[in-house]
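One letter stands for each residue in the lines below.
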Amino acid sequence: MISIEAIVRPERVSQVTAALVEAGCPGFYYYNITGQGRQHGVEVFVGRGGAMATRSTVPKTLIRTVINEDQKDAIVAAIVASAKGPGEGDIGDGKIFVSQIEDAVRVRTGDHGAAAI
Amino acid sequence: MISIEAIVRPERVSQVTAALVEAGCPGFYYYNITGQGRQHGVEVFVGRGGAMATRSTVPKTLIRTVINEDQKDAIVAAIVASAKGPGEGDIGDGKIFVSQIEDAVRVRTGDHGAAAI
Amino acid sequence: MISIEAIVRPERVSQVTAALVEAGCPGFYYYNITGQGRQHGVEVFVGRGGAMATRSTVPKTLIRTVINEDQKDAIVAAIVASAKGPGEGDIGDGKIFVSQIEDAVRVRTGDHGAAAI
Amino acid sequence: METGDIAWMLTASALVLLMTPGLAFFYGGLVRGRNILNTIMFSFMAMAVASVVWVLWGYSLAFGDGNAWIGDFSHLGLHGLDVNADSEELLFVIFQGMFAIITPALITGAIVERFKFTTYLVFLVLWLTFVYAPIAHWVWAGEGWLFKEGALDFAGGTVVHINAAVAAVVAAFLVGKRRNPALEPSNVPYVVLGAGILWFGWFGFNAGSGFAANAVDINAFLVTNTAAAAAALTWGLISQFQFGKMSAAGVATGAVGGLVAITPAAGFVGVMGALAIGFGAGVLCYTAVQLRPKIGLDDSLDVFSVHGVGGIWGALAAGIFAVEAIGGTKGLIEGNVGIMGTQVIAVVATLLYSGIVSFIILKVLDLIPGLGLRVSEADEDQGLDISQHGERAFVTDGAD
Amino acid sequence: METGDIAWMLTASALVLLMTPGLAFFYGGLVRGRNILNTIMFSFMAMAVASVVWVLWGYSLAFGDGNAWIGDFSHLGLHGLDVNADSEELLFVIFQGMFAIITPALITGAIVERFKFTTYLVFLVLWLTFVYAPIAHWVWAGEGWLFKEGALDFAGGTVVHINAAVAAVVAAFLVGKRRNPALEPSNVPYVVLGAGILWFGWFGFNAGSGFAANAVDINAFLVTNTAAAAAALTWGLISQFQFGKMSAAGVATGAVGGLVAITPAAGFVGVMGALAIGFGAGVLCYTAVQLRPKIGLDDSLDVFSVHGVGGIWGALAAGIFAVEAIGGTKGLIEGNVGIMGTQVIAVVATLLYSGIVSFIILKVLDLIPGLGLRVSEADEDQGLDISQHGERAFVTDGAD
Amino acid sequence: METGDIAWMLTASALVLLMTPGLAFFYGGLVRGRNILNTIMFSFMAMAVASVVWVLWGYSLAFGDGNAWIGDFSHLGLHGLDVNADSEELLFVIFQGMFAIITPALITGAIVERFKFTTYLVFLVLWLTFVYAPIAHWVWAGEGWLFKEGALDFAGGTVVHINAAVAAVVAAFLVGKRRNPALEPSNVPYVVLGAGILWFGWFGFNAGSGFAANAVDINAFLVTNTAAAAAALTWGLISQFQFGKMSAAGVATGAVGGLVAITPAAGFVGVMGALAIGFGAGVLCYTAVQLRPKIGLDDSLDVFSVHGVGGIWGALAAGIFAVEAIGGTKGLIEGNVGIMGTQVIAVVATLLYSGIVSFIILKVLDLIPGLGLRVSEADEDQGLDISQHGERAFVTDGAD
Ligand SMILES: Nc1ncnc2c1ncn2[C@@H]1O[C@H](COP(=O)(O)OP(=O)(O)O)[C@@H](O)[C@H]1O
Ligand SMILES: Nc1ncnc2c1ncn2[C@@H]1O[C@H](COP(=O)(O)OP(=O)(O)O)[C@@H](O)[C@H]1O
Ligand SMILES: Nc1ncnc2c1ncn2[C@@H]1O[C@H](COP(=O)(O)OP(=O)(O)O)[C@@H](O)[C@H]1O
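Chains as they are written, first to last, in the working numbering: chain A, 1 to 117; chain B, 1 to 117; chain C, 1 to 117; chain D, 1 to 400; chain E, 1 to 400; chain F, 1 to 400.
Just so you know, these hints were derived from the structure itself, not from any lab. Possibly wrong hints are sitting among the right ones.
[Claimed, not checked] Here are the in silico distance ranges between beta carbons for each label pair: (1) F:Val-122 x C:Glu-69: 57 to 65 Å; (2) F:Pro-369 x D:Val-348: 32 to 40 Å; (3) D:Met-340 x F:Pro-369: 40 to 48 Å; (4) D:Gly-142 x F:Ala-85: 25 to 33 Å; (5) D:Gly-176 x F:Leu-76: 49 to 57 Å; (6) D:Gly-176 x B:Ala-115: 42 to 50 Å; (7) C:Thr-109 x A:Ala-115: 35 to 43 Å; (8) A:Gly-41 x F:Lys-177: 22 to 30 Å.
[Stated by the list, open to error] The following residues of chain D were derived to be distant from chain E, with all beta-carbon distances above 10 Å: (9) Ile-36; (10) Gly-150; (11) Arg-178; (12) Thr-329; (13) Tyr-353; (14) Glu-380; (15) Glu-391; (16) Arg-392.
A virtual CB, placed ideally from N, CA and C, is assigned to each residue, including glycine.
Start from the sequences and build out the full structure, keeping to the hints where you can.
Shown next as structure tokens:
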């Protein structure tokens, strides 16, 4: 089993999760993070309209799903396709990390392994 | 070392963390996530009482602990036992993911490896 | 590629992220967690000033970065140095977990592997 | 009635109305995040239900002539009150209606996080009819037996606070304990916001209860502010001395306790009496909040400790500190021992009547199929915001 | 004018001012987290802009003598109003100014989450000048043609609510749909807080509209509270019966719908009429909210369903339920059929004038280079709090 | 005193009381999430402490006969004020007491996120006694030397705002900089909510300061609203022109700056003067907020930039724009050059006295063992909500 973690723009989450479901992903979850990458942050007011500063971090959402190895390419492709904003692809569109999962357990039944996801 | 990530119902967290402590877990942390699995989501009002829709995602809490390999079975069992609601076990009771951790470091001392967890 | 997850005190985050940038870290993200380790929790009021209880968990922030293997020692050292509060190092200063990442993908370009991080 | 009196009474009525949203936030901040909305709705729906009940039959039952125990149906639907000729009485209808809103809302602090919302709505109607209206009649209607006894209750210590507090105890007892109470309040700024609004609105509550813009009401305003401050300060200092920290939820609760205690006394005592009443409220309500967990009754937000203890203390303190030169009645300190008896009778009568009738109403509601007092375990675990209202208070996932 | 009347009108004016921050939170709670501040600022800036426009030329245009259609420039900058001799008129300037603030703020519910903020500020100035001032003149100035027709609009059903609602529809149509609307409101406690403040402030709005502390205003206060409660209850019960749950955002919206509907009628109907009006508002506004998504117009926060439908219902209901003994005018029930015609004329005139002129203003603003109605797609996706105001509403990352 | 005057003054007093919870949220929203409650409590405890100090000795020191510099102890515990015969003076005690609450609360904006809470409580008592009471006496008591000089301070520009602002500077200097200030405010809706409540309450503050419901107070109401709006708009537009975005925290601060500036002038200027004062406040306070970081003084929430600069501008502007026909005093524009000298004397005297005595009080508190101005580094890092109050503002972990 592998874990896919996709860091995406918050406003793309509904598109990405729809794409995951369509690609046959059995389950996922997401949460808010604050990220910094190549995107050069965001201008915010400090001093109540009297000055602006760059906050180097931007809000992102991390979506994670644990799937069987064989679904990997399909799921990654689905995320890449759905996470881009309208247009060509911009800095800050996101990043995907893939790693190994040794085992999964379903709490309800106690099932292990592939059966559990 | 291994990482155990348990996705559970928010209202079960205090039971699960108590079970972890009892099972000898050296430390853990948790955070809110929004998840979607077999559970069929939740009915919510849209349009101020004028219509309901199904939000397919539900609030869950992810509890993670990094432990030594030999504690694995005890910890997983403790979670499975404590994460179930009253009764038989329901859809949405949660899921556990196990993966490998290469190294741990304690910031305070700089200790590495098993000594650090 | 490896993943470095550092659990630190919320008030140290700006120092840690500055140290990461200085150490050449290409990107990172962070989020709030609630943790329990050796730190003995925190005293809070229950009953509106009429009684205190110990909440065993404390707020922490988890900072994660995915880097190339060769940056590992520099990055870990940078975190350890910056995450400590003033003084010697206290219980609760935090913990670092290192694990393997199999692959990374940049959404914008579809790049894989080291080029993507 | 002079235009100035009308102006003040309209203002005071608006202020008292605002207390109920204030209470919604005061209570709402004290519960778990997944029950905030439900707790807020307990108060908000009291505005909707009580306002309607009041004009339909509540006012008539409470203030229609009737007998010593209850009014009559002469003013059903405000029948017989002419907009022009009886405008003064209509103003009284308005002002009193605001009291009928907040009193049952106060009860809800005892039953949050597990009480079934539909049953609560029915309870509101029954309780206003069978508990609130009679007691208001006893104390404030010209025919009422406690009024005739000369019981001192300027702005509602018995009718509002003790009454609500004993109903709260009964309700907490019948609905049972929460499965999974939180360690801490989930939104303390809401608690303070609510307390601030309550403090503000209470000027209408107390300084409007003389039904005029005159010396009595000026004094009532001053002693209200003084007692609230003294109680908040007392509460804060006790927690500071005992634990080395000053709880914000505590100080806010202290202020409310002081406001409760000065309520029956506001028309009879001076500023020194107010300091004493506030100080006493701080000490007594604080102690009651500390003792409550030992009783094992899940009066979740300490309605009895604050409104019951504060209300009883205030009713007695009105008797103790009453100054003839202020409200026309001598108190214990001025040598009028008899007044204490009257006050005790008023308190005990309210405790008994409200306790018994609230018990009967709730018992009946519990037995009616389709109603029942308590939500299911699953609904309680999931939180009442979703299970009773189909809504989450806060959507924090930026993506949702 | 007696001091009591002055006291009440000062209070009423302050209450109406507070409605706009109340509206800010009512609307703010209904949008996505990333647009809360922008939504709040739509209302808050109405306080800043309209107050200035009002004293500079708005009041003069609305209430200067002029003709049947519009005032004149005789009171530019409040010229000619002496602080001592004309203090009563200055009090009227104040009270009316508060209405000029909230009316355009109401519109913004239709355009949240995508309207360009700078353009909105210009829109405020133009709309107050070319739409609000004339219609206020028609209905409330002694010279105004609808005033002379004898149209019943006690506190602003046409001028405020229908007017704002039709402008809202036009604006929603021209600015287009949101790219990515949320499923649920992001902060329901704000919605209830806003509704609570609105209910409180509406006492000033309606019970101040008789411009005195007298029987008419006492009655207006009572019927306002009654209609709000009846509508909130009705809304809540319908959603309970239909879905088995009672939406908090729904009950809050119901209360507002009831307040809207009673607004034109508050000086003419009694408490039974108020119950009927509130009940009708609950049913009609609820139905309108349910139907709106089917029309495909993104009037995002249902301005038309609440203020348009509620306002039209209220204008007609004022005609239906008016009681001669209260406001001096017979209604339909008392046999005065003619009044209905006048009411319909007032409604239709407002719908047409406001619809057309609002359309022209917005069309022009859309074409002016550098303005335009809509933010860029990227700005909309990022959220208007950051893109228009450079701020996040909440910083929840403890580390930030 | 007519009932109408009483009605308005009771209302005005309640409005001013509400300003302090308003300030609590205005300030609370500007700090980090882990210090919100502490910041709110700074204001809330001012309500508790100052109310008690005021009736015990504060009022007597400020308004007892005494001499040109200070009152006396003749009204300790309000001794000698009869509830009936002296009700008018008791109303004055109430209204003035509300000013004694908010003034020290204003100071706290400079010291948030690091000041020790227990020390703050002691500071409150001392500062009210040794700084506030004397200056109030100078300016408002019949015997006071600035009163006799004819200094114009309608509602407290010197006594409240300049006084608080200079104490704020001294306190910020003595307590030192925060270790770890946030880049951005953590809860901007609270800032706007607070500003909305302050704007609402300020009508009581200013339009109550004529102590009657009459032409002067009507005008004060109007100019208050106008100046607030003009300053908010000015601030917003400057930030829009400079940065292309309009800060919500900025607009809210601008409104407060305008309200501060109109405070001393509200009884003396007309609506055109108010526009000028509001505009000036917008420009000057904005500039001061921009410059402050360059000075290196951590007046964290810009108390001096808003209340100091706004207050000084208002005091001078009262002299410039005073209109004889309004307040009986000619201003500079009407040719009365001398008034400017008096205004400058009043400002300088307040700056010096408050600066010096506040410094002494804080220095002494810093040296007393067990007190001290600053929390420990660990407490500051952890946040003052937990370290001083044992509470978290928000529990967001659904599981907690
Ligand atoms: N090496 C990394 N480790 C962890 N998170 C990263 C890393 N690089 C980027 N991220 C996360 O991914 C988000 C998008 O990355 P960014 O570099 O801005 O996008 P892009 O690759 O399109 O230029 C960042 O905001 C950050 O949260
Ligand atoms: N494949 C998966 N990857 C990531 N998270 C998952 C996956 N499957 C389930 N989850 C998470 O676990 C939660 C519980 O899963 P669910 O399928 O509802 O429970 P059950 O296994 O009892 O039917 C979901 O809400 C989701 O957050
Ligand atoms: N074994 C573990 N697994 C997961 N998280 C842990 C573990 N041990 C500690 N943590 C996290 O790290 C934080 C710091 O750990 P703690 O033991 O308090 O620090 P220290 O190592 O300095 O004594 C804890 O609050 C918890 O969030």
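Going through the hints against the structure:
| no. | hint | in the structure |
| --- | --- | --- |
| 1 | F:Val-122 x C:Glu-69: 57 to 65 Å | holds (58 Å) |
| 2 | F:Pro-369 x D:Val-348: 32 to 40 Å | violated (51 Å) |
| 3 | D:Met-340 x F:Pro-369: 40 to 48 Å | holds (47 Å) |
| 4 | D:Gly-142 x F:Ala-85: 25 to 33 Å | holds (29 Å) |
| 5 | D:Gly-176 x F:Leu-76: 49 to 57 Å | holds (52 Å) |
| 6 | D:Gly-176 x B:Ala-115: 42 to 50 Å | holds (48 Å) |
| 7 | C:Thr-109 x A:Ala-115: 35 to 43 Å | holds (36 Å) |
| 8 | A:Gly-41 x F:Lys-177: 22 to 30 Å | holds (25 Å) |
| 9 | Ile-36 | violated (6 Å) |
| 10 | Gly-150 | holds (30 Å) |
| 11 | Arg-178 | holds (21 Å) |
| 12 | Thr-329 | holds (29 Å) |
| 13 | Tyr-353 | holds (27 Å) |
| 14 | Glu-380 | holds (15 Å) |
| 15 | Glu-391 | violated (5 Å) |
| 16 | Arg-392 | violated (7 Å) |
Violated hints, in rising order: 2, 9, 15, 16; the structure is consistent with all others.
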